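Assemble the complex: chain A is given as a structure, and chain B must be docked to it using the hints.
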Amino acid sequence: MLKAVVLGGLGLMFYSKIVDGTLNFYINQRFVWLSFVAVLILSALALTLVYRLLESRRASAQTPPHPDTYDDSAHDHEHDHAYAGHDHSHRLSWGTLGIMAIPLVLGLFVPARPLGASAVNSRGIGLTAPQRAGSVTQAQRAVTGPKNVLDWLRDFSNNPDPHAFDGQAVDVVGFVYRDPRNGAEQIWVSRFAITCCVADASAVGLLVQTSEAASLKNDSWIHVTGKLLAGEFAGQKVPVIMPDKIEPTQRPANPYLYP
Amino acid sequence: MSRKRLLSFVGLILAVLIGTIALDNLLPVIGLAPAVSLPDLAQTYVTTFVGLFIEAAPFLLLGSVAAGLIDVFVTADDMARVIPRNKFLATVMGALLGLIFPVCECGVVPVVRRLYQKGLPTSVGIAFILSAPVLNPVVIASTYAAFGASTVFFARIGFSFLVALSIGLVFTAQPNLMRVVRPAALGPVLGGSTDFIPLESIKVNNFSARLQRAFGIAADEFFDMGRYLVVGSLIATTLQTVVPQQWLIGIGNSPVTSVIALCALAFVLSVCSTVDAFLALSFVNTFTSGSIIAFLVFGPMVDIKSTLMFLGVFRRKVVVYLFVLPLLAAILIGLVINLNLAW
Chain A
1 MLKAVVLGGL
11 GLMFYSKIVD
21 GTLNFYINQR
31 FVWLSFVAVL
41 ILSALALTLV
51 YRLLESRRAS
61 AQTPPHPDTY
71 DDSAHDHEHD
81 HAYAGHDHSH
91 RLSWGTLGIM
101 AIPLVLGLFV
111 PARPLGASAV
121 NSRGIGLTAP
131 QRAGSVTQAQ
141 RAVTGPKNVL
151 DWLRDFSNNP
161 DPHAFDGQAV
171 DVVGFVYRDP
181 RNGAEQIWVS
191 RFAITCCVAD
201 ASAVGLLVQT
211 SEAASLKNDS
221 WIHVTGKLLA
231 GEFAGQKVPV
241 IMPDKIEPTQ
251 RPANPYLYP
Chain B
1 MSRKRLLSFV
11 GLILAVLIGT
21 IALDNLLPVI
31 GLAPAVSLPD
41 LAQTYVTTFV
51 GLFIEAAPFL
61 LLGSVAAGLI
71 DVFVTADDMA
81 RVIPRNKFLA
91 TVMGALLGLI
101 FPVCECGVVP
111 VVRRLYQKGL
121 PTSVGIAFIL
131 SAPVLNPVVI
141 ASTYAAFGAS
151 TVFFARIGFS
161 FLVALSIGLV
171 FTAQPNLMRV
181 VRPAALGPVL
191 GGSTDFIPLE
201 SIKVNNFSAR
211 LQRAFGIAAD
221 EFFDMGRYLV
231 VGSLIATTLQ
241 TVVPQQWLIG
251 IGNSPVTSVI
261 ALCALAFVLS
271 VCSTVDAFLA
281 LSFVNTFTSG
291 SIIAFLVFGP
301 MVDIKSTLMF
311 LGVFRRKVVV
321 YLFVLPLLAA
331 ILIGLVINLN
341 LAW
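Residue numbers (the numbering used here), protein chains in the order written: chain A, 1 to 259; chain B, 1 to 343.
No lab work stands behind these hints, which were simulated from the structure alone. Given the structure is predicted, the values throughout are model-derived calculations rather than measurements. Mixed in with the good hints, there may be bad ones.
What the hints assert, rightly or not - With a cut-off of at most 20 Å between alpha-carbon atoms, the simulated SDA-like pairs for lysine to any residue come out as follows:
#: 1; chain 1: A; residue 1: K147; chain 2: A; residue 2: E247
#: 2; chain 1: A; residue 1: K147; chain 2: A; residue 2: A253
#: 3; chain 1: A; residue 1: K227; chain 2: A; residue 2: A164
#: 4; chain 1: A; residue 1: K237; chain 2: B; residue 2: T286
#: 5; chain 1: A; residue 1: K237; chain 2: A; residue 2: N182
#: 6; chain 1: A; residue 1: K217; chain 2: B; residue 2: D40
#: 7; chain 1: A; residue 1: K227; chain 2: A; residue 2: K237
#: 8; chain 1: A; residue 1: K217; chain 2: B; residue 2: L41
#: 9; chain 1: B; residue 1: K317; chain 2: B; residue 2: A173
#: 10; chain 1: A; residue 1: K217; chain 2: B; residue 2: P39
#: 11; chain 1: A; residue 1: K217; chain 2: A; residue 2: V173
#: 12; chain 1: B; residue 1: K317; chain 2: B; residue 2: F267
Next comes chain A alone, as it looks inside the complex (with noise of 0.2 Å):
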């Protein structure tokens, strides 16, 4: 019965997270659809197992009962008798229903907030783009709107020297992450870039250079518009944003970039 509870209990966590859109936080809006998939087996299997509990109920109700104490190494012996109408599943241990609790447990229970500016301190924050060979998204981008960090670190990538983009206009939204090696009035405004789910999640970011750099709190949102122009990181010269505004702004609906 508890494994049943386990089971639906994983299906309504994948469902709620994919209802309340908080699925993007963790993988990659590609492998959604992988994730309904996940639901319509999760429930299978756990109204299979609840069917067979009510039928063995039945089925020991017109009969004696019928001790159904099997160990996990035998319990493939038993295939025979579940077909006399008892129930066939194998106890599991409490370990086994633990461990499988806790992916239920931090799911459901647990907010769900996408990877911040203290993740980027374990990974790093890359100035280069995470390769991705299909030009088709970046096409698609150039319609949609303007293009985002990851789009530009594209661009710099493809053009080593910094002053090539001096005085090109920028707009991109991102959260504020403060790196040792920034300056008192410099910060990175960035996204992490997530190729599958968030185990493989990289930081990107374009450097602000700001005099208001002070006032801005790690891991808030900000929408940055203003002009490139070559300055310092680290001993390099690289594009860095001037900015006209900096405006705080909402987290957007899908927090991660896609390469």
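Below, chain B alone, put in the same frame as chain A:
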């Protein structure tokens, strides 16, 4: 299935549907997810872990269902008919079996365990378990999407096949399944060897009863293997959130250390083989080509979660072989490419 049963089954489905819809509207109201605000590191940890689980669980579920269906609908005789007598040919077939059963490393373990119960020869199962995560339509497609028809693409597929085949052939030296697989994992073959044991599944002819049974087995399988997935994901998450990635990536340029570093990274990240090609793409600029091929060959065969799942099926000594042999092969391939063919 009698009419009454059918009715109760439909009723159950309806009840669950209504229940979910009701819960859906209730969740925000009762605030099932209370606004506990965790420290940043813990939050990052939870997000990464849940993300890894959400990404991998569907594949494990598909694998479990496949295992259940195999148990119920494939008989030992079918297996005997399909697998060539000749050991070499049989192992080759094992390495190509992934093309028919498209499973990744989370799904392959439950499938292979069922196939072993159906009398699959040891070496065939080993070749299958190592090659299926790469030699299957989904992964071939995703690798192609990432790299195109490049050297990396062909090298990944070719080397994965060769490595899986060679390690499978190593295991032809030990045809006794009982020496390779944990007795607990074999269930009905207890006391048997690689002889084909006819299972009782043939007796059940009613389709819906068989399907029901397949789902029951799939549920057991999901729990048996799922615990390894969960523990593996926990370890992988710990290593990821605590150990700085830059520390690994800092050694990317040297022809030797880059190979070792990417093998270690493949093991730690435990990313599903269906998508690791995209991940590898992000290393192309910083890492040597040999190390990227090693990453793409080794990662799908062995990583933290699959190692733990192996432990649920194979004897400990065999798991050591399954870890060390692919690792050595991958490092060798990476080094040979880097030192001789650097392009």
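Cross-check of the supplied hints:
For the given pair, K147/A sits about 18 Å from E247/A by alpha-carbon distance, which is consistent with the 20 Å threshold. For a cut-off of 20 Å, the pair hint linking K147/A to A253/A stands: about 17 Å separates their Cα positions. Taking the CA atoms of K227/A and A164/A, the gap is near 12 Å; set against the 20 Å cutoff, the hint holds. Among the hinted pairs, K237/A with T286/B is consistent with the structure: their alpha-carbon atoms are about 19 Å apart, no more than 20 Å.
Between K237/A and N182/A the alpha-carbon distance is near 14 Å, which keeps this suggested pair within the 20 Å criterion. Of the pairs offered as hints, the one joining K217/A and D40/B holds, with about 14 Å between alpha carbons and a cut-off of 20 Å not exceeded. For the hint pairing K227/A with K237/A, the CA-to-CA distance comes to about 16 Å; that is within 20 Å, so the pair holds. Simply put, K217/A and L41/B have alpha-carbon atoms about 17 Å apart, close enough for the 20 Å limit, and the pair holds.
Taken as a hint, the K317/B and A173/B pair is honoured in the structure, with Cα atoms around 15 Å apart against an allowance of 20 Å. Using a Cα cut-off of 20 Å, the hinted pair K217/A and P39/B holds, with the two alpha carbons roughly 16 Å apart. For a cut-off of 20 Å, the pair hint linking K217/A to V173/A stands: about 15 Å separates their Cα positions. Taking the CA atoms of K317/B and F267/B, the gap is near 19 Å; set against the 20 Å cutoff, the hint holds.
Of the numbered hints stated above, none is contradicted by the structure.
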